[in-house]
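Undergrad: Now for the letters of each chain:
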Amino acid sequence: EADIYQTPRYLVIGTGKKITLECSQTMGHDKMYWYQQDPGMELHLIHYSYGVNSTEKGDLSSESTVSRIRTEHFPLTLESARPSHTSQYLCASNDMYEQYFGPGTRLTVT
Amino acid sequence: QKEVEQNSGPLSVPEGAIASLNCTYSDRGSQSFFWYRQYSGKSPELIMSIYSNGDKEDGRFTAQLNKASQYVSLLIRDSQPSDSATYLCAPGRGDSWGKLQFGAGTQVVVTP
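Line order of the protein sequences matches chains A and B.
So the first sequence is numbered by my numbering: it starts at 1 and just counts up by one.
So the second sequence is numbered by my numbering: it starts at 1 and just counts up by one.
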């Protein structure tokens, strides 16, 4: 079973607030990913990292930013939340064989 | 054209029958292929991986891969109501090990 954690699981926040979605894994994986998924829609890669101090933008343009200061930690930050950011955010990490997903954070911006 | 195409759903399957899911992909460099199951409101969970042409069986699930045709499929035998979910096809990207391309998914509904 994958040991990948996301907090908070649910977040309702007002427009203009700064938010950080936390993601951590205890498996020592170098590769980590953030996906965005709207209800009933496909997953879109928004950020990825191949190790400490390595971050890249994914396929879907996002106003969010990420950092990777420690192997186990890959937080995502929105400086100023907007209703268009309402979505589910999924964090994942890879070993040689499999990509493991965290439980997700459902974000609602009012 | 999307990079990963899956049959549009929902796919309605009687309990005990076989569900057949299809997926085509455009990246000829893909070497790894994954099927994920996603229940509504939950995160994806891996159910099958396949790397070589041919069939791979794991319990009630069989994955089939044909790289020449850029086609991968998933069969679910003896379908159960608990199999009702969206199934995501995810080929690995040829230019970057570990990165996946996800299809839009096929929703399977198993009816008692």
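Simulated from the structure, these hints should not be mistaken for laboratory data.
Hints should not be assumed to be uniformly reliable.
[Claimed, not checked] Taking CB as the label site, the calculated pair distances span:
{"#": "1", "chain 1": "B", "residue 1": "S12", "chain 2": "A", "residue 2": "I69", "range": "30 to 38 Å"}
{"#": "2", "chain 1": "A", "residue 1": "K18", "chain 2": "B", "residue 2": "Q80", "range": "29 to 37 Å"}
{"#": "3", "chain 1": "B", "residue 1": "D27", "chain 2": "A", "residue 2": "E56", "range": "12 to 20 Å"}
{"#": "4", "chain 1": "B", "residue 1": "Y51", "chain 2": "A", "residue 2": "E56", "range": "20 to 28 Å"}
{"#": "5", "chain 1": "A", "residue 1": "S84", "chain 2": "B", "residue 2": "E3", "range": "41 to 49 Å"}
{"#": "6", "chain 1": "B", "residue 1": "E57", "chain 2": "A", "residue 2": "S84", "range": "30 to 38 Å"}
[Said to hold, decoys possible] Derived SDA-like pairs: lysine to any residue, alpha-carbon spacing no greater than 25 Å straight-line:
{"#": "7", "chain 1": "B", "residue 1": "K42", "chain 2": "A", "residue 2": "G28"}
{"#": "8", "chain 1": "B", "residue 1": "K42", "chain 2": "A", "residue 2": "T65"}
{"#": "9", "chain 1": "B", "residue 1": "K42", "chain 2": "A", "residue 2": "L60"}
{"#": "10", "chain 1": "A", "residue 1": "K31", "chain 2": "B", "residue 2": "V110"}
{"#": "11", "chain 1": "B", "residue 1": "K42", "chain 2": "A", "residue 2": "T7"}
{"#": "12", "chain 1": "B", "residue 1": "K56", "chain 2": "A", "residue 2": "K57"}
{"#": "13", "chain 1": "A", "residue 1": "K57", "chain 2": "A", "residue 2": "M41"}
{"#": "14", "chain 1": "B", "residue 1": "K56", "chain 2": "B", "residue 2": "V110"}
{"#": "15", "chain 1": "A", "residue 1": "K57", "chain 2": "B", "residue 2": "D27"}
{"#": "16", "chain 1": "B", "residue 1": "K2", "chain 2": "B", "residue 2": "Y71"}
{"#": "17", "chain 1": "B", "residue 1": "K42", "chain 2": "A", "residue 2": "Q6"}
{"#": "18", "chain 1": "A", "residue 1": "K57", "chain 2": "B", "residue 2": "K67"}
{"#": "19", "chain 1": "B", "residue 1": "K56", "chain 2": "B", "residue 2": "G41"}
{"#": "20", "chain 1": "B", "residue 1": "K99", "chain 2": "A", "residue 2": "S24"}
{"#": "21", "chain 1": "B", "residue 1": "K42", "chain 2": "A", "residue 2": "N53"}
{"#": "22", "chain 1": "B", "residue 1": "K2", "chain 2": "A", "residue 2": "D3"}
{"#": "23", "chain 1": "B", "residue 1": "K99", "chain 2": "A", "residue 2": "D95"}
{"#": "24", "chain 1": "B", "residue 1": "K67", "chain 2": "A", "residue 2": "D95"}
{"#": "25", "chain 1": "B", "residue 1": "K67", "chain 2": "A", "residue 2": "P75"}
{"#": "26", "chain 1": "B", "residue 1": "K42", "chain 2": "A", "residue 2": "T108"}
{"#": "27", "chain 1": "A", "residue 1": "K31", "chain 2": "B", "residue 2": "S96"}
{"#": "28", "chain 1": "B", "residue 1": "K99", "chain 2": "A", "residue 2": "V109"}
{"#": "29", "chain 1": "B", "residue 1": "K42", "chain 2": "A", "residue 2": "S54"}
{"#": "30", "chain 1": "B", "residue 1": "K2", "chain 2": "A", "residue 2": "D38"}
{"#": "31", "chain 1": "B", "residue 1": "K99", "chain 2": "A", "residue 2": "H85"}
{"#": "32", "chain 1": "A", "residue 1": "K17", "chain 2": "A", "residue 2": "E63"}
{"#": "33", "chain 1": "B", "residue 1": "K42", "chain 2": "A", "residue 2": "V52"}
{"#": "34", "chain 1": "B", "residue 1": "K42", "chain 2": "A", "residue 2": "P75"}
{"#": "35", "chain 1": "A", "residue 1": "K31", "chain 2": "B", "residue 2": "D27"}
Computed from a predicted model, the values in this text were never measured in an experiment.
Using N, Cα and C, we set each Cβ at its ideal position, and we do this for glycine too.
Undergrad: Against each hint, give a clear statement of whether it holds in the structure.
TA: So, going through the hints one by one against the coordinates:
The hinted range of 30 to 38 Å is not satisfied by S12(B) and I69(A), whose Cβ atoms lie roughly 48 Å apart. At about 45 Å, the CB distance of K18(A) to Q80(B) disagrees with the hint of 29 to 37 Å. Distance hint check for D27(B) and E56(A): the Cβ-Cβ separation is about 18 Å, which falls inside the suggested range of 12 to 20 Å. Y51(B) and E56(A) have their C-beta atoms about 25 Å apart, which keeps the hinted 20 to 28 Å range intact.
S84(A) and E3(B) have their C-beta atoms about 24 Å apart, which leaves the hinted 41 to 49 Å range violated. Take E57(B) and S84(A): their Cβ atoms lie about 44 Å apart, and the range 30 to 38 Å is violated. A C-alpha spacing of about 24 Å is found between K42(B) and G28(A), which places the hinted pair at or below 25 Å, so the restraint holds. Distance check on the hinted pair: K42(B) and T65(A) sit about 24 Å apart at the alpha-carbon level, within 25 Å; holds.
Pair hint K42(B) plus L60(A) holds up; C-alpha atoms about 21 Å apart against a cutoff of 25 Å. Restraint check for K31(A) and V110(B): the C-alpha separation of about 35 Å exceeds 25 Å, so the hint is violated. A distance of roughly 15 Å separates the Cα atoms of K42(B) and T7(A); the hinted pair therefore holds under the 25 Å criterion. For the hint linking K56(B) to K57(A), the alpha-carbon distance of about 34 Å lies beyond 25 Å, and the restraint is violated.
Between the alpha carbons of K57(A) and M41(A) the distance comes to roughly 20 Å, so the proposed pair stays at or under 25 Å and holds. A threshold of 25 Å between alpha carbons decides the hint, and for K56(B) with V110(B) the separation of about 23 Å falls inside it, so the pair holds. Taken as a hint, the K57(A) and D27(B) pair is honoured in the structure, with Cα atoms around 20 Å apart against an allowance of 25 Å. For the proposed pair K2(B) and Y71(B), the alpha carbon gap of about 14 Å is at most 25 Å, so the pair holds.
At roughly 13 Å between alpha-carbon atoms, K42(B) and Q6(A) fall within 25 Å of each other, so this suggested pair holds. Of the supplied pair hints, the one linking K57(A) and K67(B) is violated, its CA atoms being roughly 29 Å apart against a limit of 25 Å. The suggested pairing of K56(B) with G41(B) is violated, with an alpha-carbon distance near 29 Å, which exceeds 25 Å. The suggested pairing of K99(B) with S24(A) holds, with an alpha-carbon distance near 18 Å, which does not exceed 25 Å.
This hinted pair does not check out: K42(B) and N53(A) have alpha carbons roughly 30 Å apart, beyond 25 Å. Restraint check: the Cα-Cα separation between K2(B) and D3(A) comes to about 32 Å, which exceeds 25 Å; the hinted pair is violated. Proximity of K99(B) to D95(A) is assessed by CA-CA distance (about 11 Å); at most 25 Å being required, the pair is judged to hold. Proposed proximity of K67(B) and D95(A) is supported: the alpha carbons are some 23 Å apart, at most 25 Å.
Using a Cα cut-off of 25 Å, the hinted pair K67(B) and P75(A) is violated, with the two alpha carbons roughly 36 Å apart. For the hint pairing K42(B) with T108(A), the CA-to-CA distance comes to about 16 Å; that is within 25 Å, so the pair holds. As the CA atoms of K31(A) and S96(B) are separated by approximately 11 Å, the hinted pair is consistent with the 25 Å bound. For the hint linking K99(B) to V109(A), the alpha-carbon distance of about 29 Å lies beyond 25 Å, and the restraint is violated.
About 28 Å separates the Cα atoms of K42(B) and S54(A), which puts this hinted pair outside 25 Å; it is violated. Between the alpha carbons of K2(B) and D38(A) the distance comes to roughly 18 Å, so the proposed pair stays at or under 25 Å and holds. Of the pairs offered as hints, the one joining K99(B) and H85(A) holds, with about 23 Å between alpha carbons and a cut-off of 25 Å not exceeded. This hinted pair checks out: K17(A) and E63(A) have alpha carbons roughly 14 Å apart, not beyond 25 Å.
Our distance criterion of 25 Å between C-alpha atoms is broken by K42(B) and V52(A), whose separation comes to about 28 Å. Between the alpha carbons of K42(B) and P75(A) the distance comes to roughly 20 Å, so the proposed pair stays at or under 25 Å and holds. Our distance criterion of 25 Å between C-alpha atoms is met by K31(A) and D27(B), whose separation comes to about 21 Å.
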